[in-house]
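Undergrad: One line per chain: the protein sequences are A and B, in this order. For the first sequence, my numbering gives the first residue as 31, with consecutive numbering after it. For the second sequence, my numbering gives the first residue as 4, with consecutive numbering after it.
Calculated from the structure, these hints are not laboratory results. Treat the hints loosely; a few may be bogus.
[Claimed, not checked] Pairs of lysine-lysine residues, derived as BS3-like cross-links and limited to a Cα-Cα distance of at most 25 Å, are as follows:
id, chain 1, residue 1, chain 2, residue 2
1, B, K118, B, K133
2, B, K395, B, K445
3, B, K306, B, K261
4, B, K445, B, K409
5, B, K218, A, K120
6, B, K394, B, K431
7, B, K57, A, K94
8, A, K94, B, K306
9, B, K395, B, K363
10, B, K445, B, K458
11, A, K120, B, K458
12, B, K306, A, K120
13, B, K184, A, K94
14, B, K474, A, K94
15, B, K363, B, K342
Residue strings, one per chain:
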Amino acid sequence: MDREILRRLELLNQLSLTEQEKESVIAFFSDREKDLETLDAIDTADVERMVHVMPIMTVVREDKVSQIFSREELQAAAPETDEGYWCVPKVME
Amino acid sequence: MRYETVIGLEVHVELATSSKIFCSCSAHSYGAEPNSHVCPACCGMPGMLPVVNKRVVDYGMKAGMMLGCHINRTTTFDKKSYYYPDLPAAYQTTQWFAPVAVNGVVEIETSKGKKNVRIKQIHMEEDAGKLVHDIREDTTHVDFNRTSVPLIEIVSQPDLSSAEEVEAYLERLKTLLRYAKVAECEMAHGTMRCDVNLSVRPEGSNKLGVRAEMKNMNSIEAIKRAIEYETARHIDAIENGTEELRQETRRWDDIKGKSYAMRTKETAGDYRYFPDPNVMPVVIDDEWFDSIKASLPEFPEVKKERYISEYGLGEYDADQLTKSIALCECFEAAYGVCKSAKDAANWMISEVMSILNQKKMTYDMLDLDGKALGELILLVSGGTVGRANAKKILAAMFDDASIEPKAYAEANGYVVSNDTGMIEAVIKAVIAADPKSVADYKSGKEKALMALFGKCMKELKGNCDPQTLRKLLIDSIS
C-alpha cells in the first residue's frame with residue numbers, strides 16, 4: 031500500500047481522507063499485506079479450490095410474481111419523491 | 004499499410020422470466036408507473052437478502068448449452084462495486100469468479116465463409132434501474148422497476164473482425180436464444196444490448212491495439228455504422244497522428260454518426276469484485292443439469308436437415324422456415340393437420356411470411372395458430388374454399404386468433420358453390436355483356452377467355468372451383 035494506491039481507492043470509494051486518516055489506513059493495509067504474505071507461504075498445491083468457506087449452497091425460489099409492498103410504503107422515508115420517482119441530486123449535466 | 008479490426012462483444016440479454024432475479028417483483032414493467040414493481044430487496048434497503056430465481060439459473064444454463072459452453076456445476080454470485088443511483092445498493096450482484104457458463108463457441112457464416120467465435124463466458128446478473136434527467140433541472144428522477152430484472156451477459160473473445168461478422172454473430176445469438184425460448188432478444192425493446200470492444204492493428208500482427216469500448220447502440224445497423232466509424236478513427240490516429248488513442252469507454256451518437264469519449268475505461272480491479280456473502284453458491288446437481296439438457300430444442304441446422312430428409316422440402320423452403328422458431332412451430336402444427344409438408348411450407352413462405360413483412364413484424368412475432376392454418380389449407384386442397392378467399396381468411400386470422408377457418412368461411416360466404424345452374428347463369432350474363440371477348444376467343448385469342456373467366460369469378464366472389472368454371476365457360480362459348 032502506498033500513497034498512489036490509496037489515492038485511487040479514495041477516488042473509487044468516493045472518500046476524502048485527512049492526512050491522519052491516510053497514515054492510519056496505509057498502516058492498516060500494510061499490516062494486512064504482511065498477513066497475506068504469511069498465508070501465501072503455505073503450500074496449497076494439493077488443496078482443492080473452494081468456492082465458499084462453508085459447505086452450504088443457496089436455496090432457490092420458483093419464478094412467481096408477488097407484489098407485497100406499495101410504492102407509498104417504500105417511499106415513506108425518502109427525503110424527496112416526485113410523481114412516483116425517488117429524487118437524487120442531478121447526476122448528469 | 005493494411006490494418007485489421009479486432010472486435011469482441013459484450014451482449015446483455017434480458018431473460019424471459021416472470022419475476023426478477025433476486026425478488027418476486029414482476030420483471031415486466033414496460034409502460035408501468037414508476038416504482039410500481041419494486042420491493043425492499045430490489046430497492047437495496049438495508050437488511051434485505053436476495054433469493055435466487057431458479058428459472059434464471061435454468062435459462063443461464065440453457066443459454067450456455069446452446070452456445071456450446073461448459074456449465075459450471077457450482078456457480079457463485081459476486082458484488083461489483085458501482086456508484087450510480089440506478090443501482091441503489093451501490094453494487095451490482097453479478098458473477099465474476101465462477102460464472103454459470105464458460106468456454107463456448109458459436110459458428111457464424113458471412114460472405115467470406117464460416118468462422119467460429121469463441122465465447123469466454125456467460126454470467127447472470129441484475130439489471131440497473133432507469134434514470135430520468137429531464138423532468139426537473141435540479142434533480143435526477145429514479146425508477147427502480149427495471150432494477151434486478153435478470154440478465155445474462157455473453158462475453159465473446161476478440162474473434163470478430165468486421166461489421167458483417169458482428170451482424171452474423173448477433174443474428175446467430177438471437178436465433179439460438181429464441182429457439183431455446185430464454186429471451187426475446189429484441190434490440191428495439193432493449194431486451195438485447197451490445198457493447199463493442201474494438202481495436203485496430205497492422206494486418207498479421209499478434210499485438211492488440213488500444214481498445215475502445217462503445218456503448219449506447221440500439222440496433223444492428225447502428226452497431227455496423229459505429230464499427231465503421233471507429234475503425235476509420237483508429238486508423239487515422241495511427242497513420243496521421245490525428246489524436247492519441249486511449250483505452251476508454253465511448254458513447255455512440257447514431258444521429259451525428261460519431262462516437263464521443265465518456266470516461267477512461269475502468270479496469271476489472273476498479274470494480275473490486277468480491278464474493279457476495281448474501282448469496283450462497285448455486286450447486287447444479289445431475290438431476291437439474293440433465294433436465295435442462297433434455298429441454299434443449301432441436302438446433303436450426305438439425306431441423307433444416309430433417310425438413311429436407313423427412314418432409315421432402317427443398318433447401319430454400321427448409322432454410323426459410325428455420326429462420327425462426329415461431330415459423331417452425333406454426334409450420335409443424337399446420338403440417339400435423341393438413342399432412343402435406345409442401346402445402347404447409349408454401350402457405351408459410353408465400354402467404355404467412357409475406358403478411359408478416361407487410362405488417363413490418365419479425366418472424367419471431369408470429370402468433371398464428373398453426374393448427375388453424377392446417378385446417379385452412381385442407382379447406383383449399385379439398386376445394387371447399389378458393390385460394391383468393393383463403394387468403395382473406397388468413398388475413399383475418401392474423402387479426403383475430405379465435406377465428407376457426409371453416410366457420411369463418413361459412414359465415415362470410417367463402418364456401419365454394421357446386422351449384423352449376425347458378426354458375427351457368429353467371430356465365431350467361433357475363434358472355435352477354437362482353438360479346439367482344441367472346442368473338443376474340445373464338446378467333447383464337449386465348450387471353451380473351453381469361454378475361455371472361457376473371458369476370459365470372461368476380462361475380463361468383465371467388466366461390467367456385469376454377470376447373471369447373473373454366474369447363475362450363477368453354478362449353479357455353481362453344
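Undergrad: Would you mind marking each hint as holding or not holding in the structure?
TA: Hint by hint, here is what the structure shows:
Distance restraint check for K118(B) and K133(B): the Cα-Cα separation of roughly 37 Å exceeds the 25 Å cut-off, and the hinted pair is therefore not satisfied. Restraint check for K395(B) and K445(B): the C-alpha separation of about 35 Å exceeds 25 Å, so the hint is violated. Proximity of K306(B) to K261(B) is assessed by CA-CA distance (about 42 Å); at most 25 Å being required, the pair is judged violated. Of the supplied pair hints, the one linking K445(B) and K409(B) is violated, its CA atoms being roughly 40 Å apart against a limit of 25 Å.
The straight-line distance between the Cα atoms of K218(B) and K120(A) is roughly 22 Å, inside the 25 Å bound, and the hint therefore holds. Of the pairs offered as hints, the one joining K394(B) and K431(B) is violated, with about 28 Å between alpha carbons and a cut-off of 25 Å exceeded. With a CA separation close to 10 Å, the supplied pair K57(B) and K94(A) stays within the 25 Å bound. The straight-line distance between the Cα atoms of K94(A) and K306(B) is roughly 33 Å, outside the 25 Å bound, and the hint therefore fails.
For the given pair, K395(B) sits about 19 Å from K363(B) by alpha-carbon distance, which is consistent with the 25 Å threshold. Proposed proximity of K445(B) and K458(B) is supported: the alpha carbons are some 18 Å apart, at most 25 Å. Taken as a hint, the K120(A) and K458(B) pair is broken in the structure, with Cα atoms around 71 Å apart against an allowance of 25 Å. Distance hint between K306(B) and K120(A) is unfulfilled; the C-alpha atoms sit about 53 Å from each other, more than 25 Å.
Taking the CA atoms of K184(B) and K94(A), the gap is about 18 Å. The hint holds against a cut of 25 Å. Distance restraint check for K474(B) and K94(A): the Cα-Cα separation of roughly 64 Å exceeds the 25 Å cut-off, and the hinted pair is therefore not satisfied. A threshold of 25 Å between alpha carbons decides the hint, and for K363(B) with K342(B) the separation of about 30 Å lies outside it, so the pair is violated.
The structure does not agree with the numbered hints 1, 2, 3, 4, 6, 8, 11, 12, 14 and 15 stated previously, though it agrees with the rest.
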